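The listed protein sequences derive, respectively, from chains A and R. Here the first sequence stands for residues 1 to 407, numbered as in our numbering. Here the second sequence stands for residues 1001 to 1074, numbered as in our numbering.
Among the hints, a few may not be true.
[Claimed, not checked] Calculated lysine-lysine pairs in the DSSO-like style (CA-CA distance at most 27 Å, straight line):
1) R:Lys-1025 / A:Lys-327
2) R:Lys-1030 / A:Lys-327
3) A:Lys-134 / A:Lys-119
4) A:Lys-134 / R:Lys-1025
5) A:Lys-38 / A:Lys-389
6) R:Lys-1025 / A:Lys-70
It is worth saying that the hints were derived from the structure and are not from the lab. The structure presented is a predicted model; accordingly, all values stated were derived computationally and were not measured.
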Amino acid sequence: MTNAVSDVDLLSWDFAQDPHSRYARMRNDGVVRKHVVKTLATALNAWVVTDYEQARELLADPRLSKETEKLLDAMDANKVNAGDTITRTPPSMLFSDPPDHTRLRRLLGNAFTMRRVEKLRPWIEELTDDLLGKIPDGEEVDLVHTLALALPIFVIGKLLGVPQDRHEDFRTWNGALASLDTSAEEKQVAHKAAFDYLRQLIEDKRAAPDDDMISALIEAQVDGGKLSEPELLSTIYLMMNAGYETTAHMISSGVLALLENPDQQALLRKDSTLLPGAIEEFLRFESPLNMSTIRYTASPVEVGGVTIPANEIVFISLLSANRDAAKFTDPDTLDVTRPNRGHLSFGYGIHHCVGAPLARMEGEIVFGKLLDRFGRWELTVPARELEWKYSAQFRGLDRLPVRMSAE
Amino acid sequence: MSGWSVEIDARTCIGTGMCVGAAPKYFQRKSSKSVPVHDHVEPDEDLLDAAFACPAEAIRVRDEATGDVLVPEA
Ligand code: HEM
Ligand code: SF4
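Just chain A, same shape as in the assembly:
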């Protein structure tokens, strides 16, 4: 028996820089193993699932629960450092099981319709033009900050109905909350500022409803029931977080993929009908969420011959599943014409991403316009010097220095 596989250190800097080769080793024998995984708050002893088939099965398996209170207990029981305290946040649909999940999701579904998303299209196009207009022709810029992080936060602000003059605040709070570099105190300050602001905003929308999601969520009803005040707050807060870094990483990882695969970039320039498929391929190639959000076993679950006991933490690696050769031919090759779908970057099963249609639309708009406006894209540092976010949860670039030229 060799320990080569269980030795993979998910907390190491090296892992964050090159997860793919390590996941490939983990996938090799199809056995799930326990590792230490660090969430935003705490290091946990947890099972990590890396195979595509196993990942998809488990994402839809009701025995893998997200029920907030019991999940927090399971986290407590599996934390690496007994001294760590786990912060308790108000439950949202992402951290609940049916029937609560069903109700919350339907209430959001009533407000977050395809129609509402489609209505945002002209506005997103205009915003994208504005942001691209600020990229000076032929000069070095960091695409992560000028574009990738900027677009999604403005879009979420618009969708929710945050007045435009507060979008920058929104961006500051979100940045602090999503970063590993900010201290617990800084996070708490941002957290409080965001919640105070959202509470006020809900009150304002109650008094004067508008054509936005917060107003729609206030009104949304299923079987005569509405969202309670804490549910309203947690739903809005979830929307604000779930679509920020994820969408940003889709954009910057996609740009990098095209920089490194000029043949694929040329294909897209020649035939813009390939764009929707290309967005799916960018998502498959570098899943913005490395690991799914946290789950625990409500009862024992057998996975490929191993039994995971009850009350243990499980993470499903979407990044790894998407590179499984059993599902995708030449998984490490970027192929914008790839016919087979089924990447897991938006999850699978009841928690499948609510924002997927919006994210896809943002992707199509931004890549379409980037290709149109800039005939030549160059990376200004060698690709191996790029740094990936030091996180086992997200997969995305910290910075992407490029030079974009009209010709």
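Guided by the hints, dock chain R with the ligands onto chain A, whose structure is given.
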């Protein structure tokens, strides 16, 4: 005749697996899409919940006695 009929429109299904996750008794995965396990079933609220949740409105549930379409809602 009593009971409900269940159909999934394979052209609109986008393979989210939400139905499979919500009601594995009624829905299963078939390559990258989902299909009903049975075309005819006894009335069950769990089935309706799962069908309502489909973001693509690809699931159709019909009351066979009256012919009424229960999901998607008009
Ligand atoms: C490329 C961008 C995005 C990616 C890759 C992504 C990915 C995901 C994934 C993987 C999940 C499921 C997590 C799990 O099961 O552990 C999820 C759930 C969710 N996402 Fe996204 N997301 C993106 C954009 C968005 C946007 C733009 C929004 C909304 C504005 C959004 C809102 C949500 C919500 C509310 C959930 C929870 C759904 C539930 O629990 O039923 N996401 N997302
Ligand atoms: S929920 Fe709808 S779109 Fe998703 S797999 Fe089921 S039928 Fe297809």
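Exercise. Taking only the CA atoms, is the gap from A:Lys-134 to A:Lys-119 under or equal to 27 Å?
Worked result: holds (25 Å)
Problem set entry | Holds or violated: R:Lys-1025 to A:Lys-327, with C-alpha atoms at most 27 Å apart | holds (25 Å)
Exercise. Is R:Lys-1030 close enough to A:Lys-327, meaning Cα to Cα at most 27 Å?
Worked result: holds (14 Å)
Exercise. Do the alpha carbons of R:Lys-1025 and A:Lys-70 lie within 27 Å of each other, as the hint requires?
Worked result: With Cα atoms ~25 Å apart, R:Lys-1025 and A:Lys-70 stay inside 27 Å; holds.
Exercise. Keeping to a limit of 27 Å between CA atoms, is the pair of A:Lys-134 and R:Lys-1025 held or broken?
Worked result: violated (53 Å)
Exercise. Does the structure keep A:Lys-38 and A:Lys-389 at a Cα separation of 27 Å or less?
Worked result: Holds - the C-alpha atoms of A:Lys-389 and A:Lys-38 are around 13 Å apart, at most 27 Å.
Comparing the model with each numbered hint stated earlier shows that hint 4 is the single one that does not hold.
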